[in-house]
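Visitor: The lines below spell out each chain.
Protein chains: 2
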Amino acid sequence: MDTLRPQDLKLAVLGGGQLGKMLLEAASDWNIECHVLDPDPECSCAHLAHHFVCGSFSDFDTVYAFGKNADRITIEIEHVNTDALRQLKKEGKRIFPDPDILDIIKDKGKQKLFYEDNEIPTASFMLLDNADELRELISEQKLNFPFVQKSCTAGYDGKGVKIVRGPQDAKDLLEGEHLVEDLVDVEKELAVIVARNADGDTMSYPPVEMEFHPEANLVEFLLAPAHVSDTVAAEATRIAIKTIEAFQMEGILAVEMFLTKKGEILVNEVAPRPHNSGHHTIEANYTSQYQQLLRCIFGIPLGSTATRTVAVMVNILGAEGYTGDAQYAGLQACLQQEGVYVHLYGKKKTKPFRKMGHATIVHQDAKKARALAAVIKDTIKVIS
Amino acid sequence: MDTLRPQDLKLAVLGGGQLGKMLLEAASDWNIECHVLDPDPECSCAHLAHHFVCGSFSDFDTVYAFGKNADRITIEIEHVNTDALRQLKKEGKRIFPDPDILDIIKDKGKQKLFYEDNEIPTASFMLLDNADELRELISEQKLNFPFVQKSCTAGYDGKGVKIVRGPQDAKDLLEGEHLVEDLVDVEKELAVIVARNADGDTMSYPPVEMEFHPEANLVEFLLAPAHVSDTVAAEATRIAIKTIEAFQMEGILAVEMFLTKKGEILVNEVAPRPHNSGHHTIEANYTSQYQQLLRCIFGIPLGSTATRTVAVMVNILGAEGYTGDAQYAGLQACLQQEGVYVHLYGKKKTKPFRKMGHATIVHQDAKKARALAAVIKDTIKVIS
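Here the protein sequences line up with chains V and F, keeping their order. Take 0 as the starting number for the first sequence in numbering that gives the first Met the number 0 and just add one per residue. Take 0 as the starting number for the second sequence in numbering that gives the first Met the number 0 and just add one per residue.
Rather than coming from a laboratory, the hints here were simulated on the basis of the structure.
You can't tell identical chains apart in this list, so a pair holds if it fits in one copy or across any two.
For lysine to aspartate or glutamate, the following EDC-like pairs were computed, each having C-alpha atoms within a straight-line distance of at most 20 Å:
{"id": "1", "residue 1": "K141", "residue 2": "D168"}
{"id": "2", "residue 1": "K354", "residue 2": "D28"}
{"id": "3", "residue 1": "K89", "residue 2": "D70"}
{"id": "4", "residue 1": "K380", "residue 2": "D28"}
{"id": "5", "residue 1": "K380", "residue 2": "D1"}
{"id": "6", "residue 1": "K380", "residue 2": "D7"}
Keep in mind that this is a model prediction, so the values were computed, not measured.
Turn these sequences into a full structure, and let the hints steer you where they fit.
Guide: And the structure:
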């Protein structure tokens with residue numbers, strides 16, 4: 000479409016959390032009419048959407064009825080009813096990403112098999128049907144400790160993952176279908192967000208580096224770009240592009256990787272949507288990950304992913320010891336600093352480690368950005 | 000307030016046009032609950048506001064009832080019912096800007112007298128009650144041609160302004176209360192946006208330079224920062240700060256100025272709200288004019304106004320020859336270029352020269368930004 004009519008700019012989004020919120024904020028620049036489906040009437044997107052539908056995105060009928068309203072549909076969370084999306088696709092709707100890709104990614108076992116089939120480097124693994132099978136392998140001493148157990152379908156934000164360090168951990172395993180994989184000797188955790196459009200053009204953001212919160216297993220600081228050699232950055236980028244091409248996916252894919260102490264790069268997992276590791280692109284890159292997804296969806300050429308400024312992103316998590324209606328302490332002190340951008344997600348309730356917002360710190364100097372990020376992290380507190 | 004509670008972050012906005020839209024977009028980052036009043040149910044803000052009220056912002060009862068909903072009230076257009084705002088102020092509401100300041104600024108005659116009283120440089124002028132008085136002065140040869148006639152209360156976006164070049168123009172004068180002022184020999188038109196908070200802190204953006212569309216009398220290109228000497232920039236900044244301090248205003252003030260061929264700087268007019276001459280600050284400065292206003296309103300320290308990158312802003316106006324439902328031609332071609340940010344205001348109907356959106360072009364090199372802006376201007380067309 001060479002001339003855009005307002006009626007062409009209509010989008011249905013499954014999920015109304017913070018990723019949806021930032022997608023809607025980006026969509027506002029082009030006045031895209033957004034419809035959002037979420038079970039929580041107080042979700043981040045409820046007031047921002049042109050039309051908000053309160054309902055379950057895992058229910059066939061709800062998703063199907065909701066998807067009928069727009070020609071283009073996207074998601075901000077993987078755990079949606081893909082059967083309904085497949086039906087909508089049959090009826091001519093365009094779905095970003097394709098429901099078949101979602102089904103692979105929603106299941107960590109299928110995801111790992113996909114990497115194997117497509118020669119995408121990943122830690123060696125084994126698929127198991129239940130915890131009993133694993134206990135048997137352990138008792139037969141067929142596994143080397145330590146290893147990682149990952150639930151195929153129950154994992155999200157570090158949940159459904161267990162490190163098994165020795166036979167003593169065998170009593171407390173994850174039940175159900177799962178995979179076990181080598182515990183990688185990680186030098187750094189990297190992520191590359193890559194976009195691919197209907198023409199098969201790809202564009203990847205510079206790799207970023209993640210520092211995790213030791214307890215909550217959530218990203219605490221994100222350094223953009225990653226402090227790695229050009230060779231490592233190029234290899235991470237090559238793997239990310241190879242991955243999105245293997246999926247033949249249209250949209251954006253966040254590829255999370257381990258850089259091992261030996262210098263190998265292994266894909267850990269992917270998310271076929273805007274991702275925590277790309278929040279900084281709002282202020283730090285020419286095109287944000289949110290706008291890039293909109294470009295894929297609406298057939299607008301992919302935008303430059305070049306870095307405008309070095310950035311550090313820090314998640315604003317619910318403080319320990321506070322559960323209830325959220326309040327923000329120290330916000331003013333943070334906003335006094337040049338180059339500090341605070342995004343609050345508008346979640347009513349806080350609880351320890353809940354993602355309540357993030358701050359992006361942009362600076363000419365990477366070290367100063369990192370130092371300021373540490374100050375910001377210690378200054379802002381989400382309490383109740 | 001050192002700890003912000005969500006209920007503190009509530010704002011009522013009079014007017015739902017593009018300035019309101021961009022204010023709401025900025026407010027979304029901090030999850031500020033925005034209520035908007037506008038007579039047009041299809042205005043730019045209608046779907047973005049938490050609560051939209053369709054009604055007249057010039058009607059006392061409507062404004063008063065609307066303003067009751069929030070402790071803090073702002074405007075995106077001057078022509079609102081200031082009596083209602085004064086009543087709300089008496090009842091403890093905080094109004095940005097103060098209704099008394101609005102009353103001065105809404106009336107170009109009062110505005111000029113204010114400059115005179117406060118020794119703010121402005122073109123010499125004379126206040127007249129009606130066109131007959133002016134015709135008399137002309138017939139008595141008491142005025143030197145050319146001069147400018149400006150309606151005291153009917154002017155907006157270049158309307159209500161008339162250049163009188165000789166006695167032949169005397170038949171077709173603006174009626175009603177007006178002022179006449181010297182036609183300034185303009186070298187450049189500059190603007191400085193300045194913010195002032197409750198503590199009396201001020202922060203000004205680097206001066207920008209405007210190129211006007213020859214027919215529509217609307218800004219066509221805006222160059223940020225202005226291509227002027229450091230001395231001129233410092234003097235323009237000094238005058239802008241002097242002006243906001245003279246008003247004792249809390250909020251943001253756009254001060255439009257003439258740089259004369261003799262090198263004088265004269266204040267032309269001011270707008271006590273976000274302004275067209277500050278759209279570029281979204282992408283080009285550390286703090287956008289919209290966020291800066293929110294900082295004033297919510298007692299958050301003023302943000303850095305430093306430039307992140309040189310920028311050129313181009314208004315996207317309705318193309319000549321098209322009136323009706325808006326469509327956007329050439330948008331894709333524009334968005335293919337690095338550093339081009341398009342903002343569409345979501346106005347349903349286009350007409351020649353109507354402000355339908357704007358594009359900001361950021362670039363390391365000012366000349367390249369200007370050249371690209373010219374391409375963008377010729378590429379994007381709002382048709383019907």
